[in-house]
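Asks: So you can see what is in the structure, the chains are spelled out below.
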Amino acid sequence: MRIGVVTFPGSLDDRDAARAIEHAGGTAVSLWHGSDNLKEVEAVVLPGGFSYGDYLRCGAIARFAPIMSSIIIAAEHGFPVLGICNGFQVLCEAHLLPGALTRNQGLHFLCRDQRLRIENNSTMWTNGFSLNQEVVIPLKNGEGSFQCDDETLKTLESGGQVIARYLGEDPNGSRDLIAGISNARGNVVGLMPHPEHAIDTLTGPSNDGLTFFTSVLHQLVGRA
Amino acid sequence: MAKIVVEVMLKPEILDPQGQAVGSALPRLGFTFATSVRQGKRFEIEMVGDPSESQMADIQKAAETLLSNPVIETYVVKVEK
Amino acid sequence: MAKIVVEVMLKPEILDPQGQAVGSALPRLGFTFATSVRQGKRFEIEMVGDPSESQMADIQKAAETLLSNPVIETYVVKVEK
Amino acid sequence: MNLDTVSQAQIDPDHVQPFRELGLKDDEYFRIKEILGRRPTSSELAMYSVMWSEHCSYKSSKVHLRQFGEKAPHSEALLVGIGENAGVVDIGQGYAVTFKIESHNHPSFVEPYQGAATGVGGIVRDILTMGARPIAVMDPLRFGLAQAPDTKRVLPGIVAGIGGYGNCLGLPNIGGEIVFDETYAGNPLVNALCVGVMRHEDIKLAKAHGTGNLVVLFGAKTGGDGIGGVSVLASETFNDAKPTKRPSVQVGDPFAEKVLIECCLEIFHEDLVVGIQDLGGAGLSCATSELASAGSGGMNIQLEKVPLRDPSLSPEEILMSESQERMCAIVEPSNINRFLAICKKWDVTATVIGEVTDGERLNITFNGELIVHVPPRTVAHEGPVYNRPFAEPDYIAKLAASTVDVPLPITAAEIKDAVLKLMASPNLADKTWVTSQYDRYVQGNTILAQPEDSGVVRIDEQTHLGVAISTDANARWSYLNPYEGAKLALAESCRNIATSGAKPLAVTNCLNFGSPEDPGVMWQFAETVRGLADACLELGLPVTGGNVSFYNQTGTVAILPTPVIGVLGVIQDVRERTPMGIAKAGLDLYLIGQAGENFSGSEWAYLHGVMGNQAPELNLDVEQRLINLLLEGQSIFESAHDVSNGGVAATLSEMVLRHKIGAKVSLENPAPTLFAETPGQVVVAIEPTSTNDLVALAGKFQIPILRIGTSGGENLIINDADISLVELNQAFTETFPKLFG
Ligand SMILES: Nc1ncnc2c1ncn2[C@@H]1O[C@H](COP(=O)(O)OP(=O)(O)O)[C@@H](O)[C@H]1O
Ligand SMILES: [Mg+2]
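Protein chains in written order, with our numbering: chain G, 1 to 224; chain B, 225 to 305; chain U, 306 to 386; chain V, 387 to 1127.
Watch out, some of these pointers could steer you wrong.
Stated by the list, open to error - In silico EDC-like cross-links for lysine to aspartate or glutamate, where the CA-CA straight-line distance does not exceed 16 angstroms:
no., chain 1, residue 1, chain 2, residue 2
1, U, LYS346, B, GLU268
2, U, LYS346, B, GLU297
3, U, LYS383, U, GLU312
4, B, LYS235, G, ASP149
5, V, LYS1046, V, ASP780
6, V, LYS607, U, GLU312
None of these hints come from the bench; they were simulated from the model.
Isolated chain G, as found in the complex (with noise of 0.2 angstroms):
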């Protein structure tokens, strides 16, 4: 299963997804932003990163990338899309995801172990994983607060489409402690945790992140 991570100018954890997508079995595919070839990848990760340095809004600039283009075509026809961090905030700014994410309200970067509670285990990212299992995955972000309308948030809401919330302490402000989102689908997934930096527990606080990955190869080979 050959899945796609792209890189922007300034993604950083790019190298890192693909690894855990190796991990999890499937085959990582390097795509550039500036072309808008999919390479015959099943699925795509967004990675995380400072995307054009985040200057001006996180992701705002790379969502207008040649790669964007096709990725976003191929969503609205239920492509599997995931987008972590500075992805989650691409696909917000090319509103495949409803909402936005705003500067943290400590106003501070923060890099921590996260606990999450797994709310939607019917998407495309999240099968694998048992309804309201806990998990731990890292948190790294200065913009990680989830903002959005009362409207939006009603329909996220009671479409499932809050995917994983925050346990504990509010990192960041986020409505509803909303840490992940899906569209309607459940084909485009946006999480503001590091799944990739939770594949082993030598390099990770737990090895819970390599779930996402698995939950899509499966997907895809139910699929095939």
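Once you've looked at the hints, dock chains B, U and V with the ligands against the given chain G.
Replies: Then chains B, U and V with the ligands, alone, in the frame of chain G:
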């Protein structure tokens, strides 16, 4: 040579932790004049000559798509001089 | 109820990576109007009634000490309405 | 514009030049005239003045630093030694590692965020320049008193700057130090360490070889950053206009640097450069003169080709600009198209600004006019050398004769109080407020990071090879005895490495001192270098590079002498690393090493306003045996944590708080054992079944061991003092948030 100014502010219903932090720092420094503070962005764009009508349309479009995020922000475009 | 606006911009000789990033993104999106872009901050401060003279002095002082960093930035204070 | 050219300088030899304003002494100016056989042009004067500054020429420290070469132990690991941008060591399996610390103290006081940010940017470029991929950073910091209002301005800004820049580059921050002392008020220390890795064959040097090869400037455009000083020349040349306003602070653009890193690595990968140099202090002046000086011939530069951010810059200012995120490469003409193509891919501006010649001069022209015509070695490598007078300052004898009078807690209640007070003190309190602003995960190879004894990163995912790095300085001991202080810092750093399970391999350092013109400070410096060189020789570790920062003082008050020592170690299998925290109940706790009773320079004495009289005695032979014991015993240690600031009390507290698993400890002589900071000690946790192995190791290496307790429970119990972990944790963690919000 005209200067275009684009002012971008968070919508009132969106949490503004930066503005809040300033708002609570002020009284600590003995400044009591403010009842609320919001923080936004200001872009100064230089261009050659005065903007034509189609350029103005472009500027509006850039402000709406790139310089601001309509999900959380509002913008105002001003032409100076 | 008056609104005070404080505009803070980097001094012209100071590198502005944010403005630069916007400046080089615009033409990639087909917007060719800009010759240069600088990005700064905008504070909207609400207060009760119009500012007295001593309050204006306070606002100036806050702008200089808290809202801007005189080492690299300049500011302008405006009273709206 | 009135361009001061070489021919102009020949016509009016008596033209008065502002050399003193530029920091040159009369005799230095005279020497420049001698070298050139005429007065320098204003551009030449600018170059000499900055390259002959203390910062660039090491004129006060050179005579002492030579000892690192003279006393250097034989080391097969050393691939590139002192003199290049950073030293390089062989860690096996074909990998080479480069690491270095540098200071950015003064700029960080003026503008904490940008000063610290550009400090990180600068050291990362030094590592990149060697041909390496930067893989981690560390940040040893010193501040004035934690409660002081200015510390509330300086600390958050510096921390945000280090995080802002390092996080955006994608470099995990794996350790550092934060120490408060009032001598750093008005002069905080921001030292930044970077480590990078490459294959042996990829090592690059800062040398301009090959007549006809091209000089390429690439990266950010040149602006007026950091040239406040040379504006006096600009105003001279533009005598009609007023001096332009030039910022003396540099502003960093981490995104530009991130792109520059990837661009350089791709260029290195295709082997497209003959030599390369980063632009740091003294900008193009430094890069061109150093490249030419280390090369085989001369160099011609056409300065008007330099891409400018600010078109009003004069040639002197272009030469002097410290704009960040720039590099200078020597490229063969046949490779230039490919080189430029890679730059284009990464959107990096690259411009050919000159070529290597077979002459002996560095010639710089501006629109065809010759403005610099100098022998490059005289600028870059043959600056003035001073033998500054030094003498033991009076305070040494005075302190040596004083008695160390600190209260010793005796009763259970006193011991409990003392532990809580100590662990809440800013120097020992939990630093999460700071370190959570740093990304420690990025690159996915971080095995250990703060608050562990050393940072450990994996180098090879298949073979599990890794490196460990620790930085240490105990400035109070250095104040009491700079010779011993340097040795103690090195010993502590090595101990940290070995405690984590790695073998010490090489040393870097950043020597932060007051004014070298003060004989007392100069003595502190000389003694420090002597101590460090002696200790490195004894432990068999080469010094691979470093940095000297003088003039760290507020008025006439110098900072405590602060030699920050960085040690690099190798660990063959990172899965075997030893973490510091106690992870389960039922383990036996041992104190390895001999407890002592000297409170001088300790945190406990400091809390009582006492400096002490004598730095503790250090026996490097014992330290070496302890290191060997730790390495050989690695597999039996469930956890290990060395004894340093705060003594055994702090060591135990930190071990139990890591995973909130308590311990019950009994000590015969609690007060000195807990609070004296005797070197050569480590607390380890082992399975009771490993007892015989530990005893055998202790016998083999002749190191005393003492069983002091067992792990388990929800309290730290020391004799009759019973401290709940909740209470201890609260004391430990609330200090920083309370101070800094
Ligand atoms: N305290 C020191 N110990 C060992 N080497 C040092 C020390 N200070 C400076 N050096 C070495 O002197 C050389 C010049 O240093 P520096 O000018 O700071 O280099 P750069 O400009 O590349 O940062 C480098 O090789 C550096 O490692
Ligand atoms: Mg260098």
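Asks: Hint by hint, note whether the structure agrees.
Replies: Status of the hints after comparison with the structure:
1. U/LYS346 / B/GLU268: Distance ~11 angstroms between U/LYS346 and B/GLU268 Cα, so the pair holds.
2. U/LYS346 / B/GLU297: holds (14 angstroms)
3. U/LYS383 / U/GLU312: Judged against 16 angstroms, a Cα distance of about 8 angstroms means the pair holds.
4. B/LYS235 / G/ASP149: Measuring from Cα to Cα gives roughly 10 angstroms; hence the hint holds.
5. V/LYS1046 / V/ASP780: violated (47 angstroms)
6. V/LYS607 / U/GLU312: violated (27 angstroms)
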